[in-house]
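These protein sequence lines are chains A and B, in that order. Quick note on our numbering: the first sequence kicks off at 1 and runs consecutively. Quick note on our numbering: the second sequence kicks off at 1 and runs consecutively.
Do not rely on the hints blindly, as some may be mistaken.
To be verified - Some chain A residues close to chain B (C-beta under 8 Å, calculated; not the full set):
1. L12
2. Q16
3. V18
4. E19
5. F29
6. K34
7. G38
8. K55
9. T119
10. V130
11. Y157
12. L166
13. G169
14. T188
Claimed, not checked - Capping the alpha-carbon separation at 27 Å, the derived lysine-lysine pairs in DSS-like fashion look like this:
15. B:K54 x A:K97
16. B:K54 x A:K34
17. A:K97 x A:K126
What the hints assert, rightly or not - Partial list, derived from the structure: chain B residues whose beta carbon lies under 10 Å from chain A:
18. A46
19. A47
20. G48
21. I49
22. D58
23. L64
24. N79
Since the hints were derived computationally from the structure, they do not count as laboratory data. Bear in mind the structure is a predicted one, so any value in this text is a computation, not a measurement. Positions of the beta carbon are idealized from the N, C-alpha and C atoms, including for glycine.
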Amino acid sequence: MKPVSFTSGNNLTDRQLVEKVLRGDTQAFGAIIKNSEGLVAQVVFKMVNHAEDRKDLVQDIYIKAFKNLSGFRFQAKLLTWIGNIAYNTCVNYLEKKKLVLTGLIDKEDEKPLQAANETEIFISQKELSVILATGIEQLPPLYKTLIVLFHQEELSYADMVQITGLPEGTVKNYLFRARKTLKENILTHYKKDEL
Amino acid sequence: MKPGHLSETEIQQYAIRGENPAPAIAEHIEVCETCKARLANYRLVAAGIEQQPKPVLDFDAVNLVLAQLPKSKGSLSWNRFFMYSMVCLVSASIVMPVYLFRKLFINMADGISTLFLYAISAAAIIILLYKVIELYKKYQKQIHALDFN
Chain A
1 MKPVSFTSGN NLTDRQLVEK VLRGDTQAFG AIIKNSEGLV AQVVFKMVNH
51 AEDRKDLVQD IYIKAFKNLS GFRFQAKLLT WIGNIAYNTC VNYLEKKKLV
101 LTGLIDKEDE KPLQAANETE IFISQKELSV ILATGIEQLP PLYKTLIVLF
151 HQEELSYADM VQITGLPEGT VKNYLFRARK TLKENILTHY KKDEL
Chain B
1 MKPGHLSETE IQQYAIRGEN PAPAIAEHIE VCETCKARLA NYRLVAAGIE
51 QQPKPVLDFD AVNLVLAQLP KSKGSLSWNR FFMYSMVCLV SASIVMPVYL
101 FRKLFINMAD GISTLFLYAI SAAAIIILLY KVIELYKKYQ KQIHALDFN
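Construct the entire structure; sequences and hints are all you get.
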């Protein structure tokens, strides 16, 4: 059996890769890791702050994926299935550490809308990037994760539902609040700069 | 056209991924400078998030994980070949004597009543089944003990 080269791009489908791994070719699992490590990194980095713990969690995620691969029935994409393992592993970690997953950003939501006062923001790309990076980091873990999965990984709502196990309405609601908070952060900075 | 300003939800839906708005919302955006600015702000946020650098693992996940997995079964085809050969050999060692000494077996059964013959066969099958099930359970137990979970 020819092992899969996971360092170079390969055209094997999820099914072919899974079958190779299940037939005993553990090297094929390397290709699965390569294909999914971007998404796993997003989930782990957004949910866990401690760098050393992240390393352990990533290993834990892939070992779990390997052990449970025979139970993968292709009802979801392999990527979202691994994303779900990553998400659940991080949620368990947060629970063990007694850290919050969703937190409260509802206060922002309760503010009365001042739509009439809102003006278009003109801000340098650099400044925007810094404010957004800080704003995203300040969001609770779940909001951060959803924001990057949607806007950076370009996942669909259905994929995010499969990863988090949350209802679609909840996912949309969290995304709405996160975007609103980020926009208000920028507006606050912008108005400060204007004064 | 929608009276008053658009809600945050409506603005977000329009701004993000260009979800098709209701005609009334699109018309409102066209004429309302405030909502146009709010739309532009959400688009700015979305574009800003997309441009944020993506996190990269600062270690080689592939090698780290693969080092912990059981070794690749490269010689699997040989193992299978060996297993199938053994199965054939064992089957042959049972079938061949039965075939070669079939007359002897038939003669042995001559003096025995049919009912007794059926009873012996049934007992043999039951014992064989019992042994196979026991062997299978033992095998499952051993596999379970090896489980990484």
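Status of the hints after comparison with the structure:
1. Look at A:L12: its Cβ only gets to about 15 Å from chain B, farther than 8 Å, so that hint breaks.
2. Evaluation of the A:Q16 hint against chain B yields a violated restraint, the C-beta minimum of about 16 Å exceeding 8 Å.
3. Because the beta carbon of A:V18 sits about 15 Å from the nearest beta carbon in chain B, more than 8 Å, this interface hint is broken.
4. A distance limit of 8 Å between C-beta atoms decides the matter here; for A:E19 the minimum to chain B is near 13 Å, and the interface restraint is violated.
5. Of the supplied interface hints, the one on A:F29 holds, with its beta-carbon coming within about 7 Å of a beta-carbon of chain B, less than 8 Å.
6. Look at A:K34: its Cβ gets to within about 6 Å of chain B, closer than 8 Å, so that hint holds up.
7. Interface hint status for A:G38: upheld, as the beta-carbon distance to the closest one in chain B is roughly 7 Å, under 8 Å.
8. A cut of 8 Å between beta carbons decides the hint on A:K55: the least distance to chain B is about 6 Å, and the hint holds.
9. At its closest, the beta carbon of A:T119 sits 5 Å from a beta carbon of chain B; the interface hint therefore holds under the 8 Å criterion.
10. This hint is violated: A:V130 has a C-beta 10 Å from the nearest C-beta of chain B, more than the 8 Å allowed.
11. A distance limit of 8 Å between C-beta atoms decides the matter here; for A:Y157 the minimum to chain B is near 10 Å, and the interface restraint is violated.
12. Violation of the interface hint for A:L166 is found here, the shortest Cβ-Cβ separation to chain B being roughly 18 Å, above the 8 Å cut-off.
13. Nearest Cβ of chain B to the Cβ of A:G169: about 12 Å, over the 8 Å cut. The hint is violated.
14. Interface hint at A:T188: violated, since its Cβ lies 12 Å from the closest Cβ of chain B, which is beyond the 8 Å cut-off.
15. Distance restraint check for B:K54 and A:K97: the Cα-Cα separation of roughly 25 Å lies within the 27 Å cut-off, and the hinted pair is therefore satisfied.
16. For the given pair, B:K54 sits about 15 Å from A:K34 by alpha-carbon distance, which is consistent with the 27 Å threshold.
17. Under the criterion of a C-alpha separation no larger than 27 Å, the hint pairing A:K97 with A:K126 is inconsistent with the structure, at around 35 Å.
18. At its closest, the beta carbon of B:A46 sits 6 Å from a beta carbon of chain A; the interface hint therefore holds under the 10 Å criterion.
19. Taking 10 Å as the C-beta cut-off, the interface hint given for B:A47 holds, the closest approach to chain A being about 9 Å.
20. The criterion of a C-beta within 10 Å of any C-beta in chain A is met by B:G48, whose closest approach is roughly 5 Å, and the hint holds.
21. At its closest, the beta carbon of B:I49 sits 4 Å from a beta carbon of chain A; the interface hint therefore holds under the 10 Å criterion.
22. Because the smallest distance between the Cβ of B:D58 and any Cβ of chain A comes to about 8 Å, under 10 Å, the interface hint for this residue holds.
23. Interface hint at B:L64: satisfied, since its Cβ lies 6 Å from the closest Cβ of chain A, which is below the 10 Å cut-off.
24. Look at B:N79: its Cβ gets to within about 9 Å of chain A, closer than 10 Å, so that hint holds up.
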